[in-house]
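Chemist: Each chain is listed here by its residues.
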Amino acid sequence: MTSAGGFIKSIESGSKHLVIKRFTLRYPEKKLKFVGDGYQFDPKRGVGIAGYRGRHILMHDKCTGCQLCAIACEGIAEAIGMVKVDEQWKHNKKGIMPQIDYGKCVFCGLCVDACPFYALFMTNDYELSAFTKEHLIYTPAQLAIKPKYQGDVEIVIDDRGATHG
Amino acid sequence: MSANNKKELNKVAAGSQTKHSSSTSDDTAQEQPPSPSTQPKQIPAKPSPPSATAAASAATTTTTPKPSLASSPAKTQPEPPPFEKGLVEQLKNKFGDIVKVVFIKPLRIKIQVEPQDIVGVASFLRDSMGFDHAESVAGTDYPKDNQIEVVYHLGSYSREELAAHILWLTARTNKDDARLPTLINIYKSVEYHERECYEMLGVYFEGHPRNERFLLPEDWADIPPLRKDFRIKGR
Amino acid sequence: MASYPRDFRFGGFVVSLIWLIFWILIIVALVGLPLIFIILFYVPLPEVDGEVLTPYLFLTSILYPQSAIPVIETLLDTTFFKVAVFPGFTYAALIAAATIFIERKFLAKMQLRVGPLYAGKIEGILQLLADGLKLISKEIIIPSGSDKLIFWSAPIAFVATAAAVVALIPAAPGWVVADIDVGLLAVFAILGFFPLIALLFSWASNSKYPFIGGLRALHQLIAFEIPFILSALSVVILSGTLNLTEVVESQIQSYWFIFFLPISAFVFYISSLAELERIPFDLPEAEAEIVAGWLTETSGMIYGLLQLGSYIKTYALAALFVILFLGGWAGPQIFPAEIIPESAEAIIPVSELYEQTDANAAFWFTLKTFGVIMLMLLPRGISPRIRIDILLHTGWYKLIVLAFINMFVALALIYGGVLGPGGLLVR
Amino acid sequence: MTSIEEKFEESKRLGLQIVKESEEDRLMTLSVGPQHPGSGHFRFVIKVDGDYIVYCDPDPGYVHRGEEKMCEYRNVIQNIPHLERPVIHDSANITYSYSLAVEELVGIEVPRRGQFIRAIASELNRQVYTLYWLAIYGIFLGHSTMFMWPTGDREVIIDLLEALTGARVTHAFNIPGGVRNDMPEGFRDRCLSQIRYLQKRFKEYEDIFYNNPLFRQRTEGVAVLSKEDAIKLGVTGSVVRASSVPFDVRKAEPYDIYNEIDFKVQYMKTGDCFARSYVPLLDMQESCYIIEQLLDKMPASGEVRAKLQPNPKGPPGESYRRVESGRGALGYYIVSDGTPKPYRVKISVGSFRNMLALPYLLFGKRLADMPAVYWSLNYWPVEADR
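Residue numbers (this note's numbering), protein chains in the order written: chain A, 2 to 166; chain B, 469 to 703; chain C, 240 to 666; chain D, 491 to 876.
Take every hint as true, because none was put in to throw you off.
Dumping the calculated SDA-like pairs for lysine to any residue here, alpha-carbon to alpha-carbon at most 25 Å: (1) A:K17 / C:I341; (2) B:K701 / A:G82; (3) B:K568 / B:N653; (4) D:K559 / D:G804; (5) A:K94 / A:F122; (6) D:K693 / A:I12; (7) D:K754 / B:E629; (8) D:K497 / D:V714; (9) C:K348 / C:L606; (10) B:K696 / D:G804; (11) D:K559 / B:N642; (12) B:K696 / B:T641; (13) A:K10 / C:K348; (14) B:K701 / D:H554; (15) B:K560 / B:V587.
No lab work stands behind these hints, which were simulated from the structure alone.
Please build the complete structure, drawing on both the sequences and the hints.
Modeler: See the structure below:
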């Protein structure tokens, strides 16, 4: 590759990109769409269902307070603590449910794998910033709320290059 | 000498279950490798039968029987793969009982050597058997019999039929004044591994130019951290 | 939900406002006015239609537009206006600001990203302002053990030297700050200061990486001085004068010099890239090797000044390229004779301010300068940084040889009678 | 080419021992420090004689986390999230060989479809790592466009991994026993279209970066590592493949289903900086080809994960398994004493082995060559410190 040819080829390749569409995802205005609505685990088949690993969601009607998720998280991040819940459930005698500290959680999803009662799944919501560390601790009541996240943009590939269309 | 005419070592999938996993594709076309020992369909040798205490390696110089916790004893499984056996035979008839074979698994051979003649065995391994570089040096602390075992994982780039094999050259020193002759003059690549092993386990390698602090902070005053009696605070 | 201080009371706020106004009035009255009167005695006031422009006349003329026009016209011709506004500092600073903004957007588009976006609702238009305010508000850290005097004066000298080069460049016929006969020589004399400033500043910042960066800057600028001058020399051979305005006139009479001297134009372009320390020749502040080269210890407005200086230098060298090779302000006449038709007898005789040839010249000059600046921005997107020995090798061997080749071509053109006085192509 | 011993003795004579007073003054000691934008949490002290590097002493350990000690306090499954921290953007590979080693110890049989998905995740992650490494190589040489393009194209592959594993970078996807979840529907053709887009992009990289004469001037013939020296230093991955040693763990010791995939081991003969920077690009093209094969040969349905009891434990024993990661052979030596917690875990990573080549290659080079030589060794500081 003679040096002059090299230069001309690099100029041509560089200027060719002036017409290709930009790739940047303009985040606050447009949000990414994920497959499914969060990572779930099916204890009977012993295998997970593909989904985005965002904030957890706790089904109060299924959680029996068995602390398996807290034990699973012990070796990893100790992000799950069991706290008293004032609702009365017959299948949750001790009335304790997991409270997740997102200051520590690494979103690995092993707690979802450990839950045998389909009570703890993960959702698509990843906007969890807070001003103080205490606000990062999500109580079981907060975890029960369904996320309001709806992304509408995904990577579109056409002959003029890839964009977040 | 492009890679694809290399002997296709068809290994059973990673799991070495005694149960013959259905997925072995061992009937794929397999050219006859130039090297003499043919590679018949391989029985996945189970690493070690549950009866861990069968101390097969009888000819150990140390009187105490090999404790079950230590590296698993030599296999009593039916028949080690012939190619690996060929290698071990070469070593045996060169060094006799200096080299103690701990176990032979498909592609993995573990031999144990006394500290004073590890240099001789290593240079023989490099020169005539083609293990030309050391992948890593791992130290393991066995407080039960007050010993530290240092394992050299030797691999081979130059000889293709040895590319898949890794030979574990191990030596044991007692824990109080752990000293081992260095292999830096034979395997250039162990310089940093041995230095890290010194720092993490306290094994002093005689002849190593720089037995000193490597990864840990300069002001590390505690005992070498990878020893079992070093406890992580708060666990 | 901005948090108010605990004990905020609106009354206190109003009181502090009144104090503020009170103090402004006091200072203006006791200090401002005497200052103006002192100045008025020493500043030679221009005459307007025969009478001296006294402050009284100046203030009253603002009220009636007819009398305001002659005052403006006289102000336009003063050298202060030339230095401060048109071919001088404001014009250069505006083009430099536009260059910074265009470079970031152009580079972003080439790299499939967006570039400045959030400052100033429309596509980051106020990004410059944001950067400037940030740099002004940042604290200036002087490294310990550094030579304070030089550390302070070098950035100011850097901007001053860049502005000095701008002063010598004619933007339109007659519109030049210093129309001296040895214009081109003066430009290269001033450009000789930059390696000195770079070395002084890096030596003064008393730390290893800037020192290496400073030495590299010295080597680089010296290595590219000679091809720089040689390529301009062939232009002088063709035009016969050193005065930049006459260089442009000679190009207007014949064709632009770039058609006769393409190689020396290329050499001039490459050397100006090296002079500006732009990407292929980015060694003095190569961030991967020597942290940030001779800019390592700069912070706050010192960095701001050095950036402003380097972008003004970009404008100056691009303008020099335009004058030497692209025929300065020559260009087809696209401006109408007068801005507002039959405006001669209009109430406000605006047309007196409007000069058709000047507007046309300024327009074409700016257009060509921006074209050359875009050309200078291109290498930043497409090429890596070269090594110091390759840089010196290209500087000393390759470029000088190319410059000589084109000089012989120029000499041949002159002796062949094609150009120069009475030449074939000279109209 | 002086042999390796003279080179080291020479550098020792000049650097390590006390050099004669007059020479010592001429040398300027430079610390290419942990904050240096060129090294990233890794420091090496160089002695510079004028513009030539005379002595180089790597000093890792600024991001040492004690992964091996942490492994001894957690059971086999809980080790996965913290074991992928050393190189998060190649996390599928670094947990892959750990899972293989544990499966050999505990005796687990991974179902066939699980092996295919595990291989696809590993190949995708190899591309994510190599694109990121290529981007940093570009900015090291001052080529800002070459930083932006690979980083942008890496986003396309991360989007694939996000759909497959649920997390962008730290997937915790490979578990001893297989993979955590099956492929979402529509993943197959989305993966094929995005891989083809990436293959088109490789041509752009060659135009603007690899065939750029300025880049060639800076890397061709610089810091040549001959075949004997590469073998003697025991370097691995693209560094050894660039010195005409065709060693790739996927071909030398095929694990899982790599023996059914036919691909060519890419290697070059020159062994200089340019070869070490071009081999990863060839590897990426090859792994695009591998992914297409994997997607075709994959069984349509079936289990992806072997059933395990909560705390899997096997008979005491040792195992050493290795995988071809972005930086070469990445091996795990695990000693287990019959309890679910491993007794000793030794991680042998490519970066730690390639670091030995740094002082050898930098000796006698110019200061301006330092970034090109340093980053061409495919060295990731966090992984080398573990």
